[in-house]
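Line by line, the protein sequences are chains Y and B.
Residues 985 to 1305, numbered by this note's numbering, are exactly what the first sequence covers, in order.
Residues 985 to 1305, numbered by this note's numbering, are exactly what the second sequence covers, in order.
Take the hints with a grain of salt, since some may be wrong.
Remember, identical chains collapse to one label, so a pair may be satisfied in a single copy or spanning two.
Subject to a maximum C-alpha distance of 25 Å in a straight line, what follows is the list of computed PhoX-like cross-link-like pairs (lysine-lysine) [what the hints assert, rightly or not]:
hint, residue 1, residue 2
1, Lys1182, Lys1138
2, Lys1142, Lys1153
3, Lys1142, Lys1058
4, Lys1218, Lys1171
5, Lys1098, Lys1212
6, Lys1153, Lys1138
7, Lys1225, Lys1212
8, Lys1218, Lys1098
9, Lys1225, Lys1171
10, Lys1058, Lys1182
11, Lys1182, Lys1153
12, Lys1212, Lys1153
13, Lys1171, Lys1142
14, Lys1142, Lys1098
15, Lys1225, Lys1138
16, Lys1182, Lys1212
17, Lys1182, Lys1171
18, Lys1058, Lys1171
Derived by calculation from the structure, the hints in this document are not laboratory data.
2 protein chains.
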Amino acid sequence: MSTNIETEVSNTEQRLRSLLTNAAQPQEGSLKSSIETIDYRDIRQVFHVKQPLGDDSPVTGAPLSFASPSEFRKAVRRNEFTSSTNGICPGRMQCNLIVLEEEYAFDFLLFCQKNPRACPLVEVCDVGAFTATVAEGSDLRTDIPKYCIYQNGKLLTKTHDATPYWPPKAVAFLIGCSFSYDGALLKAGIPLRSVEQKKNVPMYKTNVPCHPAGRFGGHVVVSMKPIKAVDVAKEVLITSKYALAHGAPLCVGCPESIGIQNLNNPDWGESVDILPDEVPVFHYCGVTPQQVLMESGVPFFISHSPGHMLVTDLASDHAVV
Amino acid sequence: MSTNIETEVSNTEQRLRSLLTNAAQPQEGSLKSSIETIDYRDIRQVFHVKQPLGDDSPVTGAPLSFASPSEFRKAVRRNEFTSSTNGICPGRMQCNLIVLEEEYAFDFLLFCQKNPRACPLVEVCDVGAFTATVAEGSDLRTDIPKYCIYQNGKLLTKTHDATPYWPPKAVAFLIGCSFSYDGALLKAGIPLRSVEQKKNVPMYKTNVPCHPAGRFGGHVVVSMKPIKAVDVAKEVLITSKYALAHGAPLCVGCPESIGIQNLNNPDWGESVDILPDEVPVFHYCGVTPQQVLMESGVPFFISHSPGHMLVTDLASDHAVV
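If we strip away everything but chain Y, and leave its shape as in the complex, we get (with noise of 0.2 Å):
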C-alpha cells in the first residue's frame, strides 16, 4: 500500500514539476497560453495524493470543478484523485457503493427496500457487472477515490483499487448519498462546514434500529450538518425532496436522543465545528449498509470508503417531487 502511495506522489510531483518548469519559462507570446495550461486541479491533486490513506481523508480547499463527472471519474481511475468527493461535481448524484456475493444480494436488496430512508437505491447491478448505468463508460472497481474492503465483520484493508479484491459473480448496489443536496444547499445560501472547514464530514453511528430484513439488521449512521437555527426550516424544506438523497433530516438537535453522546467524536469522517447560533442537523447516512453488514457479520463485502462516492452523470435533483 505504502509503495504505491510513493508512486503516486513520485508521479504527480513530477507532473507538478513539469507544469511549474512551463509556467516558469515562458516563451514570448505564449505567456498567457502558458499560464492558462497550467491546470490548478493537477497542482492541488499533488496535495491530495500526499494526505495518509486514513478515514479522515480531508477535502483539499475549495470544491475542485471537473470538466464532467466522467472526466472525473477517469481521474480517479488514475489514482490522480483521491479524497473525499465533499463539493466536487455539484449538482451531480453521488452514490454510495455496496457490493456483495450473489448470495446474499437478495437479502440486502429486501434491506433497502424495507429501510429507503437510510438506504435509497439508485442502481442495482446485474450480477457480475461492474458498469453503472448511472455513470457511462465507469468501472465500479476503481472509479470511487477509495474503497473498504471488509472481511467477517471487519474493515480489511483500504484501497484504491478494488478489482483485485471484485468477487466474480458480485453484485453492485448504488445508494444515494446526501452530498447529492449540497449544491440546493449552497444555492439557497446555506453554507457546508466541512467543505469550508476542508474536511470529510462527520459520521455517527445511532441507537435508532434498522427495519431488519433476511440476515440483515444493524443500527441508523447519520452524517451531521451545523445549520443556522433561522435556516432549519428551509434545510428541511430543500432536502425533503431528495428521496434519493436520504432526503429530510431524521434529528435536528439533541444528539443524545438518538445515541450520539459525543459530537466531537464521530465514528467515521472528522468532528466540525458547530457555532453558538447554529443546531447540528442529522441526515440519514449511506455508510448505514456498512454499519449493518458489519453488524450481521457478512463474511466478505466492499464498500466506498466514507466520504468517497462514486459521482454520477445524473443532475443530483433527479427524482425531486
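Given chain Y, put chain B in place with the hints provided.
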C-alpha cells in the same frame, strides 16, 4: 370589570347548581336523559370564568368540542367561554384581530403585505364593518373570548366585550394564527405541550426586525412549541404548507440567536416543559402586530388577547398548498 366577572361567576354558578340539581334528583325513567343533559362544557365554563382576567388564563382540560364554529362564537358572545382557544374547534382556522382607526389602516395593510410570514392576512373588513365573511354572522366586537385595548402604545385594559371601545370608523384585520395547524400536527402524532399542560402557549419578543412600513416598525414575536428532535422535519413539512398560519418555523433551537434569553419567562402566555429529547421550535406569532403597534406608539388600537382568537368557519387547511 370586576363587576362583570362577578356577574358571570354568579350566572354560571347558578347554571351549574341547576344542572347538578337536575342530575341529583332524577325522576324515574329520566335518569339517563337527565345526566345526558348535563353539558360537560357548561360545568367547565364555571371554572373558566373563575380564572382571573390576566395574560395567562390557562386552557382548561382537554380540547372542548362545539357543534360548530358559529355555536362556539355564540357561546363566546354570551361570555360562556373566556379562555384561550388553543385546541378549540380543531380543523378550523383561527385568527388574530387588529382593529385600527381608519387613518392608520393603509400603513398597517402595507405592513402586513411586507411581513407576510408574521402577518398573513385572512381578511380585511370594510371601514366601519364588524362582521367577518370568514365567520358567518359574527360580531367581531364580542365573538373573541378576550380583547386588549391599547392606548398610546400601552395596554389600557382587557375585556370580554370590545363594543364600548370600538371606534365608529374602525378597520378590522384578521391575521392567520398558528393554532390553525395544530390539528394536522396532532393527526401526525405530534402532540401539543401547551394543551397537555393546560396552558396558553408561551410567546416571546425577539430581536428579529420586521420590514417597516409607513409609521410602523418593530420586532417579530414568536410562539414556541417543544418538538421531539426526531419529529422536527415532520413538523416543518406540515407547518410549511399553512402559509396563512405563519408557515414553517422561523427558528429551531438556539433561542439566544433570536434574542430570547430565558424560555421560562415568556412575554405572553405561560412557559411549558421542554423534555431532554425535544428542541424549542419557534413560529412567527400573530402577536407581532400588537408588539409593532405598541413599539410604534399608535394612539389607539384593539386586538384579541394573546391566545384568545377568533374561530372562523374556514377549514384550517384553507389555502394549504
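Report task. Up to 25 Å between alpha-carbons, please classify lysine 1218 paired with lysine 1171: within, between, both or neither. Result -> The answer is both: 12 Å in one copy and 23 Å across copies each meet 25 Å.
Report task. Can you give me the call for lysine 1058 and lysine 1182, within, between, both or neither, at a CA distance of at most 25 Å? Result -> within (23 Å within a copy, 63 Å between copies)
Query raised in the report: Quick one: lysine 1142 to lysine 1058, C-alpha cut-off 25 Å, is that within a copy, between copies, both, or neither?
Result: within (20 Å within a copy, 73 Å between copies)
**Report entry** Within, between, both or neither, where lysine 1182 and lysine 1153 count as close if Cα-Cα is 25 Å or less
**Finding:** Close neither inside one copy (38 Å) nor across copies (63 Å); limit 25 Å.
Requested in this report: Check lysine 1058 against lysine 1171 for me: Cα-Cα at most 25 Å, and say if that holds within a copy, between copies, both or neither.
Outcome: neither (28 Å within a copy, 51 Å between copies)
**Report entry** Alpha-carbon proximity between lysine 1225 and lysine 1171, which holds within one copy, between copies, both or neither at 25 Å
**Finding:** both (15 Å within a copy, 22 Å between copies)
Query raised in the report: Are the CA atoms of lysine 1153 and lysine 1138 at most 25 Å apart within a copy, between copies, both, or neither?
Result: within (21 Å within a copy, 79 Å between copies)
Requested in this report: Could you figure out if lysine 1225 and lysine 1212 sit no more than 25 Å apart (CA to CA) within one copy, between two copies, both or neither?
Outcome: Both: 20 Å inside a copy, 22 Å across copies.
Query raised in the report: Checking lysine 1218 and lysine 1098: alpha-carbon separation at most 25 Å within a copy, between copies, both or neither?
Result: Cα proximity of lysine 1218 and lysine 1098: across copies only (20 Å, versus 28 Å in one copy).
**Report entry** Copy assignment of lysine 1182 with lysine 1212, given that the CA separation must stay at most 25 Å
**Finding:** Answer is within: at 19 Å inside a copy they meet the 25 Å cutoff, but 32 Å across does not.
**Report entry** Same-copy or cross-copy closeness of lysine 1225 to lysine 1138 [CA-CA at most 25 Å]
**Finding:** Intra 35 Å, inter 46 Å, cutoff 25 Å: neither.
Query raised in the report: How do lysine 1098 and lysine 1212 come out at 25 Å by Cα distance, when the copy is not named: within, between, both, or neither?
Result: This pair counts as between: shortest inter-copy Cα distance 24 Å, intra-copy 32 Å.
Against the hints set out earlier in the document, violations occur for numbers 1, 11, 12, 13, 14, 15, 18.
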